[in-house]
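*Asks:* Here the protein sequences come in this chain order: A and B. Sequential numbering from 187 applies to the first sequence in the numbering used here. Sequential numbering from 19 applies to the second sequence in the numbering used here.
Please keep in mind that the hints were generated in silico from the structure rather than gathered at the bench. Yeah, the Cβ is synthetic: ideal placement off N, Cα and C, and Gly gets one too. Check the hints yourself; a few may be wrong.
On the chain A side, residues computed to face chain B include the following (Cβ under 7 angstroms) [what the hints assert, rightly or not]:
| # | residue |
| --- | --- |
| 1 | Asp328 |
| 2 | Pro374 |
| 3 | Gly605 |
| 4 | Ser642 |
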Amino acid sequence: MYWASKQEITANSVNYPAENKNVVLNGIDYLQSQAPIGKFGGELVISTIGEGPKTFNPCNTKDSTSATMAEMMYDGLLSTDARTGMVVPQLAKSFEINGNEYLITLRKGIRWSDGKPITADDVIYTYKDIVFKGLGNTATRDAMMIKGELPQLEKIDEYTVKFSTPAPFAPFLRQLSYPIVPKHYFEPYSKKGESVFNSFLTPNTSPAEIVSSGAFCLKKYVAAQRVVFERNPNYYKINLDNKQLPYLDKVVYLIVGDTNNEILKFEAKETDMISLRGSNVARYKLKEPKSDYKIYNLGADTGTLFLVINLSNRKNQEGKWNVSPTKQSWFRNKNFRTAIDWAIDRNSMINNVAQGVAKPLFTAESLNSIYLNKNIKGHSVDLSKAKLCLNEGGFSLKNGNLYDSSGNRVEFDLYTNAGALERESVGVMIKEDLEKLGMKVNFKPIEFNTLVNKLSNTNDWDMAIMGLTGSPLEPHDGKNVWLSTGPLHLFNQRGQNSLNNGVFDWENELDEIFEDGALKLTYEERKLVYDRYQEIIYEQKPIIYLYSPIRIVALRQKFKNIYPTPLSGLVYNLDEIYIDRESE
Amino acid sequence: MNLFGYICKRIVQTIPLLVIVSLISFFIIRLSPVDPIAELRLNPSISQETLQKEIKRLNLDKPITIQYMSWAKSFVRGDLGFTTEGEKVSVKLKERILNTLLLTSVVIFMTWIVGIPLGIMSAYKKESSFDRILTILASIGMAVPSFFLAILMLIFAVKTGWFPVGGLTSYNFDDMSFFAKVFDISKHLVLPVIVLFTISLSGLQRQMRANMLEVLDSDYIKYARAKGLSEFKVVLKHALRNAVNPMITLMGFEFAGLLSGAALTEYVFQYPGLGRLILEAVMRSDINLVMASLMMGTIMLVVGNLLADILLMITDPRLRGKS
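Pulled out of the complex, with its shape left as it was, chain B reads as follows (with noise of 0.2 angstroms):
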């Protein structure tokens, strides 16, 4: 019931947050100038009563609070409205959404695999030259810039022509057999996973290796080794259990990365996924499309905090005392 309470309390606290988000993004794009007409109003062809039918259609004739009490209204009923080409702003997430949980889920899985285990050993064996080489390798992952090393990657796939050069499916995708299928979107995958996959498993070891240190060197660790336990029970039982507490909070924001955190990665790579889709509405300023992808983005921060505070209370015995 006290947890209850807590997650509720939580939920009403987001609702001033959902609103101080979607008024400045809503006012910001609103007001910069860019104009989601101005194609058609250098089209010789397009007639002025044309141009009035889509001013009108697209609400720009109204000031902008009533286009944004227009958006929230609607918004709070459910429904995203339409996008500039009169397609709907749901049918268009809808499309994109799995591929992007498909590659972002990859990814995060994979890190989290290999990246606590490695971040334990190097804070285990701090400064041999294990570590070291991992060190500079972290250094490296963390310097390159994921569209660098994107780029990099396609390259090496139109080189060798091992890889497919970006997108999802083959285009002969819809004959195959489902083995096929499965064999061939694996193959698309390999290198954007690859690059968003060197990029966070740096930033993660070396999280996880601090925490690790930090720990190793407390006064209770030296106690556990003094009292004669064996090395193992000392860093997996009492070590890692007080190392990972930071590392559910991060955890909370990785879920919030789930459905926006490879936007650039997927833009090079041609991914069908959110990113480049929200992107490329930020260009032509496709307002109820980068409103919906804005919000469904505050949402998940909001969501990953919270499951992480839920966890964190559920880890941490301090915390459950507090509330």
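So that you can see chain A by itself, here it is in the shape it has in the complex (with noise of 0.2 angstroms):
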């Protein structure tokens, strides 16, 4: 049953094909995959939890469905190689980095889905008109802004722009992804202000109308139950026979409510692809060799469940403590938090929570991250080496219970959001391990908005088990949790009004490296500021991190061109793939 281990799923070994090519074809600057040709037509039918896209504008997405359809029409400058996570053009047709200068040169020739030229104009009105005015989303904008300002951009030419920013800054590079829009279809609704903006593109906006740039354009959009897209005819990406991409007709997004119903869908043989979670990967494994489908192990995601620590020694508002000062004595000794990691179970957890489909996690950046430290390796669980800690942070046990140097019994509360089954198992399993150390856990699963709120506002808290999703490209977008200053600084929030006050020294070695890290240019010099964070995190444990899921994913085998990575997934390159008939 422990896939991870054992890896009976292998990470599936495909050649990759070579990185796509730039290819001038009659004047125009095509992206030329390098992948195998395939056929054209057919369609693949995906399905997606929850209500639909709430939103066709990409610069107004705020959940994960309204992103990915909008990723599907709207591509941006630049992009992330699948496989290595590095910066690579996309809309652009090179880039060059001086210093805090950035050169984009565009690809000449190419255009929107309606037939209009795609230019340097449509990227200064993204930028000006939307991104740095703040309309829709402004992630982007928050993150582009160094020391309060935000970049300068030119235009050198009709296919040529420059961006300055105020000083070198790492992370400004990707945030080049942000889509790209129409100048002409998009202005008439910016220019009437924010709320015009936001309910533009809804989902019941007329697909006629609607114009892209990627691989595919909405055909029709049906409330509560699909979501249709169909290929591009202007795309600029083509096959190494010339011949423009994608392959697909059709790609289809069947709106599901639930996970039971997505699995029956797949089951009916109504859509081509699921995720597969615990029990069903086994069950999944042994039908597969009569069954249409294959299985590819993508390895572990951006998430992270993780056990996160009270470390504040603050009152609140009206003078009282936020944790009490008997208990801020152990949780603010290091030594309590080391021995509480040697004496968790993960494997056990991973084996009876997971169902094997999950990986031990140790460090703050998730397992795929192009930016994790290899060399710390984590532990097996230890008792022992638990009560060892204990004994040396003054702590001793008395028939089987726990008192601090100052004879106090050990006792105190675990938080976790109720209905999340996942997180209420993994919390009975660590009161269990911490219940050998002696101590004594109330575990308290509660409604999800008031740990939320005890979390982000009250900080009225003991323990909580919780999970974020983090980037595996830009540690720079954990800064909110890992600043002192932060909002969701956890295991040390403050109020704004006590942003100095108790800081621990690597609490401002966090600050220094979140500062530095984002003006280090270079891949490597960067690699060596967040391993440092990441040691920082394992040594001092105010978040002690749990494990990883693993994703595993079935697929019709009718579909040709699958290249899985850890990092992008299954199905990041609709454009290339294609359906052998032959294989049915």
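Put the two chains together into one complex, using the hints given.
*Replies:* What follows is the structure, encoded as structure tokens:
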């Protein structure tokens, strides 16, 4: 049952095609896919859980479903290589970096789906009138802000633009993957201000009207049922035969309410792909030889599950302690936190809760991150080491109960959000593990919103089991968590009026790292810095990481040009995937 | 004129009811600890500024009474407002209303067409083996929870492959010819209709049987029989007319259920109806959407009762005399 360690589903070894090339054909700068030539036609039916997209406006997506769908229709200047995670050109033909200047050359002659050319004006419009003005989702604008200043942008000629940042700032380059939108279609709406722009391109917009640049255009949206995309005839990517991609005529997203329905739809052959979890993995693996699908192991995903300890030593506005002084002396004691880490049995969690479909996690970066510190090996559970740490920290065991040096019984609350079955089971296991050390753990699953309020507002909690999704490409995205002044600095949250109060030395070092890391420009330099941040978290253990789920996906065998990567998943290259009718 | 005055009076009486219902539901939803932007708060890449903007946009920074007043003001003007995602509530509802109406009206029509005759027959042949079998079937139908039956049906669909697994249309629906479209929708409707039909039929059949039994036992039926009328005339002309009055009241309630009666079944079958929309809206405290649907439900209930009362005035001479 322990798929992760025994490698029963091996990471599928495939020969990846070489990187895309720029090819000039009839005066047009195409991007050429190096994947084997496929056949045109057919459709891929995928399911999406939830209520479906909320908007098709790529500048205003706030949930992952809307973002995925907008991404199909709108490409950015730059993109990420699916395997290496490095920045590669997309709508841009090439880019050059000189210190804080970024010179971007666009492809000549490529067109929007309505036939109008894609030019520097669209780029200037997208950044100046939408991103910098803070229309729609402001995450990109926030990330581009360096010391309170936005970058400068100028048009050199019809196909060249130049960005200059106020200071060299490494995370900036990746922000250029922001989707470029057609000026001639968007401008009438963005001019009318925020409220008009926010309700622009709702799912009910007539599909014929939507102008896009990506591999697919919207064909039809049916509320609570499906979203149908059809191939964009003006797409700028070609195959080795110099024919315009994509191969598929249609990509259909069925909107389903929950995982059970998703599985039924796959089994009834209504969909072509499904993400498997828990016990379903074993069942599907057993049926695989006689089926028409193939199972892919994509490795650990970006999700992390962790135990966070409240190190706060502050009082709230009414003058009450967030955490009582007795508990503060435990939680702020490094030996105490280390003992907890040694006592937690990650492997039995993985076997019992995640049904073996997970990997133990010890680092703040997720396992597929390109900045993962591979020197942090982690450890297995060791109760004697845990007890040693507690001794060193001045705790003592009497009749199986743990007492601190002033004779207080060690007892605290452990929260998680009720209804999240996985977290509840993990909580029960942590409680059992810690009770072996003589601690008394009151495990309290509470309503999600109440928990969020405790963590981000009132700060009156002891420990909590939580999960966050990080970026596998850019550690700087985690700054809200790691900066001591960050609004999501869970383990030592400060109010707006006590930002500099009671900072640990290692928190200061983290602050420096996150400031420094953004200013270093090469991957190697940044890797060194971010390796250190993961070391600090592993040593100090304000957050104890537990495990990362492994993504297992089943896809019908008839689909070809499938090159799974841990970073991007299975069908990231929708434009290259084709259907081989013979293998149906 | 008399009838018109009666209707006006009833409509005026509805207003305080609507106010009370809206007050109670608004406050219950807003005072529950569901935070519409909890997800955003936990997203590491969302800045404090964006959070503040969202709070402002959703009016969460204002006291609850002011929130209610601004909602009520626009509701009276006929503006249902926007969902938390910024879509128009009226558009969202419109997308789903027809789907739900299609499902519920098919079910109600079938239930009444089958349920009333079955009720009459089992009352007439009281304690025969026909009646006993129907009683057993009806008890089963009433006892089985709708979601459970729905899940059984879904498993049936997956195992046999005869019916699609949930939804209302196939993914290639738009490329079909007209007749293929009709066939596609019917195929998708079969299973949810069976579930809802089984469950409501049992109740209706029992109700009709009970009404009929009561009437068949009464003196005037004995008198009609003694007069030498044919059994056919006794049952259909004299008994049925009197037994059907309580059913008309019931029809009023069924009318209210037209838009909201099938939420659980809709959810299991992933049917793109109102019920599923509202269920999902309640989960994330999408106040305008939930309020709109609650008000709609209340209005439907009032209108249904009003219609039933008017029908009763027509069928029941005693009521006509009183008003």
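*Asks:* Hint by hint, note whether the structure agrees.
*Replies:* Hint-by-hint comparison with the structure:
1. Asp328: Nearest chain B Cβ about 4 angstroms off; hint holds.
2. Pro374: violated (18 angstroms)
3. Gly605: violated (11 angstroms)
4. Ser642: At 5 angstroms from the nearest chain B Cβ, Ser642 (chain A) passes the 7 angstroms test, so the hint holds.
Hint violations for this structure: numbers 2 and 3, all remaining hints satisfied.
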